[in-house]
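Novice: Keeping the supplied structure of chain A fixed, place chain B upon it in accordance with the hints.
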Amino acid sequence: MAAPAPLFRSTDLGGGFRLHLHRTNAFKTLQARLAFHADLDDGTAARALLPRVLGRGTKRHPSLRAMQIALDTLYGATLSGDAGKLGERQVLLFRADWIADRIAGSKVLPQMGRLFRELLREPAQEAGGGVRGEVVAQERKLQADEADAVFDDKGRYARHRLVEAMCEGEPFARPAIGRAAEIRAVPAEAVTAAHRVMLDTAEADLFLVGDLSWAAAMRFARSLGFPARRATAPLRPPVLRRPARVRTVIERQEVGQGKLELGFRTPIRLGHPLYPGLVLFNMLFGGSPTGKLFKTVREKASLCYSISSGVERSKGLVLVQAGIEVKQFARARRMILELLDDLRAGKVTRQEEEQARAQLLSGLRVLRDRAGGIIDFALERQVNGQPADLDGLVRALEAVSVADAAEAARSVELDTVYFLRNR
Amino acid sequence: MTGTVVLHDEALGERVTRRVFPSGFTVYAARKPVFSRSYATLGVRYGSVDRALPGNGALLPDGTAHFLEHKLFETPQGDAFDLFASKGASANAFTSFTTTRYLFGSSGSFADNLRILLEMAFSFRVTEAGVEKEKGIIGQEIAMYADDPDWKGYFGLLGALYARHPLRLDIAGTARTIARISADLLRRVHAAYYHPRNMALAVVSPEPVATTFRIVQELVESRAFGPPPPARTTNGTAEPRAVHRKVRRFRMPVKRPRLLLGLKDEAPLRRGTELLRTEIASALALDCLFGNSGSIFLALYERGLIDENFSYSFAADIGHAFALAGGETDDAPRLRRALEREMARARREGIGAAEFARVRNKALGDFARAYNAPESIAQMLLSHHFRGTGLGDYRAALLQVKRDELNRRLRELLRPDRRAYSVVVPR
Numbered sequence: 005m006a007a008p009a010p011l012f013r014s015t016d017l018g019g020g021f022r023l024h025l026h027r028t029n030a031f032k033t034l035q036a037r038l039a040f041h042a043d044l045d046d047g048t049a050a051r052a053l054l055p056r057v058l059g060r061g062t063k064r065h066p067s068l069r070a071m072q073i074a075l076d077t078l079y080g081a082t083l084s085g086d087a088g089k090l091g092e093r094q095v096l097l098f099r100a101d102w103i104a105d106r107i108a109g110s111k112v113l114p115q116m117g118r119l120f121r122e123l124l125r126e127p128a129q130e131a132g133g134g135v136r137g138e139v140v141a142q143e144r145k146l147q148a149d150e151a152d153a154v155f156d157d158k159g160r161y162a163r164h165r166l167v168e169a170m171c172e173g174e175p176f177a178r179p180a181i182g183r184a185a186e187i188r189a190v191p192a193e194a195v196t197a198a199h200r201v202m203l204d205t206a207e208a209d210l211f212l213v214g215d216l217s218w219a220a221a222m223r224f225a226r227s228l229g230f231p232a233r234r235a236t237a238p239l240r241p242p243v244l245r246r247p248a249r250v251r252t253v254i255e256r257q258e259v260g261q262g263k264l265e266l267g268f269r270t271p272i273r274l275g276h277p278l279y280p281g282l283v284l285f286n287m288l289f290g291g292s293p294t295g296k297l298f299k300t301v302r303e304k305a306s307l308c309y310s311i312s313s314g315v316e317r318s319k320g321l322v323l324v325q326a327g328i329e330v331k332q333f334a335r336a337r338r339m340i341l342e343l344l345d346d347l348r349a350g351k352v353t354r355q356e357e358e359q360a361r362a363q364l365l366s367g368l369r370v371l372r373d374r375a376g377g378i379i380d381f382a383l384e385r386q387v388n389g390q391p392a393d394l395d396g397l398v399r400a401l402e403a404v405s406v407a408d409a410a411e412a413a414r415s416v417e418l419d420t421v422y423f424l425r426n427r
Numbered sequence: 024m025t026g027t028v029v030l031h032d033e034a035l036g037e038r039v040t041r042r043v044f045p046s047g048f049t050v051y052a053a054r055k056p057v058f059s060r061s062y063a064t065l066g067v068r069y070g071s072v073d074r075a076l077p078g079n080g081a082l083l084p085d086g087t088a089h090f091l092e093h094k095l096f097e098t099p100q101g102d103a104f105d106l107f108a109s110k111g112a113s114a115n116a117f118t119s120f121t122t123t124r125y126l127f128g129s130s131g132s133f134a135d136n137l138r139i140l141l142e143m144a145f146s147f148r149v150t151e152a153g154v155e156k157e158k159g160i161i162g163q164e165i166a167m168y169a170d171d172p173d174w175k176g177y178f179g180l181l182g183a184l185y186a187r188h189p190l191r192l193d194i195a196g197t198a199r200t201i202a203r204i205s206a207d208l209l210r211r212v213h214a215a216y217y218h219p220r221n222m223a224l225a226v227v228s229p230e231p232v233a234t235t236f237r238i239v240q241e242l243v244e245s246r247a248f249g250p251p252p253p254a255r256t257t258n259g260t261a262e263p264r265a266v267h268r269k270v271r272r273f274r275m276p277v278k279r280p281r282l283l284l285g286l287k288d289e290a291p292l293r294r295g296t297e298l299l300r301t302e303i304a305s306a307l308a309l310d311c312l313f314g315n316s317g318s319i320f321l322a323l324y325e326r327g328l329i330d331e332n333f334s335y336s337f338a339a340d341i342g343h344a345f346a347l348a349g350g351e352t353d354d355a356p357r358l359r360r361a362l363e364r365e366m367a368r369a370r371r372e373g374i375g376a377a378e379f380a381r382v383r384n385k386a387l388g389d390f391a392r393a394y395n396a397p398e399s400i401a402q403m404l405l406s407h408h409f410r411g412t413g414l415g416d417y418r419a420a421l422l423q424v425k426r427d428e429l430n431r432r433l434r435e436l437l438r439p440d441r442r443a444y445s446v447v448v449p450r
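Chains A and B, in that order, give the protein sequences.
The first sequence begins at 5 in our numbering and counts up one residue at a time.
The second sequence begins at 24 in our numbering and counts up one residue at a time.
One or more hints might be untrue.
Stated by the list, open to error - Only pairs whose alpha carbons sit at most 30 Å apart, straight line, appear in this in silico BS3-like list of lysine-lysine:
1. B/LYS278 / A/LYS145
2. B/LYS156 / A/LYS111
3. B/LYS269 / A/LYS304
4. A/LYS299 / B/LYS158
5. B/LYS269 / A/LYS331
6. B/LYS278 / B/LYS425
7. B/LYS175 / A/LYS145
8. A/LYS304 / B/LYS156
9. B/LYS278 / A/LYS89
10. B/LYS278 / A/LYS331
11. A/LYS331 / A/LYS299
None of these hints come from the bench; they were simulated from the model.
With the rest of the complex left out, here is chain A (with noise of 0.2 Å):
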């Protein structure tokens, strides 16, 4: 059998500046990601106020009522970026989507690459230079907004406030966007100052999507106009602790459910030579309605519809999430632990590997489908230094066992117990 072709051809285009083409012609639309990376610091609040601040218009488009219309005349293109979390990175992620000039039977490749440029190097500014001062002030309260809102969604605010707990002291405990108070403060100065950096210095990747020659790609990369850039320093590597103690953290509100949230440690991140066993663990503990904790604690106990658990693969943290009757939460929480202790001790049948094995085997298999899938996979490989190699990780899949499964599980400590309440 021919081996399957790489998930990407790529290249550095220099200057931290990358490209990587997945050619397909599975889709009606071409779909592009620019990434441009940095830690989480105290800069984060401004980096996330620049695709927000960018989509307000360009010299060419000044008002966010131009660029829609330029927009939706393509048939309908999507542009638009946000602020995201990889681990202990900050990822900007510029997303572009248009349909195919075979489809549209006209040429919206070049006026895509077009828009695309201007949204990264040409935005609308003040008389005397630098990004709108209006703008800024608009969508730093609409940032603010944002980061306010997770109060609302009992469940995401839940897991906000685990992780807040947990990891408090570390990168990885500020928000993608950053926190409310830190956006409020960022003046228009500061935007334009982390604008230059993405551009000039910041590590960038160009994900495309569809299909396009290699010689396309690469002058559509060329076409966004990177010319001279500067390598830059290399980013921190994560922060990896052990737990000292568990801490539990109880909070009441008005809710009627409680929301219950485990966190747990362990050294195994991506690129270590557990990691297979870890991802086979976590499918058998939480990670699909046939493991333990939807199996024990949802159908036969009747605690909750909702339970799961899920790994940080960048930072190596291990999260369980279930929304519980409030007088239920040392029950829960007991019994999570004790299915925990199954797995460190490889007690598993053989239909609860054959399940989760054929399950990861399957979603692994279908991520060529999806072009956000294949993007996200080597775009997570990328923060990490791993090569985004898909049938490397089939293949270890095929042969991780149990036995590994446990390993990986007596690595994963309680670290932090919260729980949202009544009052």
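Specialist: Positioned in the frame of chain A, the structure of chain B alone reads:
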């Protein structure tokens, strides 16, 4: 009408085969070797608005359709999630006002997974113990939504728009109504509504379409069924045209207030292309107002009254039609006043030729984009089926729709006596 038809979309290079089996079961199958995954969705024309048990007309407890959706996964071979998982598939299901849909996605083992889906849908073997256990789980699902301000605002608004129509009832019911659900009741509901004539299957897979048809023949056509349920009517409700209440307010532990505007529309009486055309004209007209380049959206955004999460939607089926628009805001009363002013302006000014061309272009692009994923192709096929239209009708209607129709829809949707609001404010 039984038989097989191949439906083409020349412009997009897509084809779908439709076969209607003697039982009345309609199956859509598209072979898509460009994707490595298979996706299948089975839809039942049975949702939360169907409150009567066909036959004796008994009123069902609120939340029955959703409860049945949960319990369909209980099979004599064990939990269907396990059966799917053993074949590398992930499965799910959801219940809406008008349909219940089951789905799986997988790479490989397509035939096995399709068998699991059809077996589970047609041989219903629920136990009393299973039903009792599910009450705790669904009780927590209801509790989760009760703490969700957007959910509260949404059903609060439907309760303001509708005085009697079951749209005003929560799809999952309440702890009290689901307490009355028994295994026997679910069995009777299943026998009545899960009839092949009342269901449809849509499959997108790299496998040949013949595989799908063979499995359906074997697993569905071999069974005996009773009479199909009667067609849904206006649900026996004499729903007035005017809104039930102008405003409903809720206090919740939130930081950001929310305002949702509802526009109560004439209830369609028939399915088919007429309904499709109404839906398209309404969606395009609403895009001109509330879309990303819509005149109302931009006016409110630039004045800082809304944020980028402001959204809108339109829903229509026999017996109901409504539009919603709203989101988070600092000042709900001010946003409401601004919306009223902007709607009056939009009604006066109407939709211009350039605006019309733009939103239609965008809709054509969105239609092509829907082919990017097996999920959206299959769900789109089911939606057309339940409306009584096809994918080809959609493109044709989109190309035929006139600006006048949008302007007529705009004036109808924005009639001042058909508006209601729900407001969620911090405690």
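Novice: Now look at each hint and say whether the structure bears it out.
Specialist: Structure-based check of all given hints:
1. B/LYS278 / A/LYS145: This hinted pair holds, its Cα atoms lying about 14 Å apart.
2. B/LYS156 / A/LYS111: Judged against 30 Å, a Cα distance of about 58 Å means the pair is violated.
3. B/LYS269 / A/LYS304: violated (45 Å)
4. A/LYS299 / B/LYS158: holds (16 Å)
5. B/LYS269 / A/LYS331: violated (39 Å)
6. B/LYS278 / B/LYS425: Violated, at roughly 43 Å.
7. B/LYS175 / A/LYS145: OK: B/LYS175 and A/LYS145 at ~26 Å, within 30 Å.
8. A/LYS304 / B/LYS156: Given pair A/LYS304, B/LYS156 holds - Cα atoms ~8 Å apart, limit 30 Å.
9. B/LYS278 / A/LYS89: holds (24 Å)
10. B/LYS278 / A/LYS331: Holds: B/LYS278 and A/LYS331 sit about 26 Å apart, inside 30 Å.
11. A/LYS331 / A/LYS299: With Cα atoms ~20 Å apart, A/LYS331 and A/LYS299 stay inside 30 Å; holds.
Of the numbered hints stated above, those contradicted by the structure are hints 2, 3, 5 and 6, listed in ascending order.
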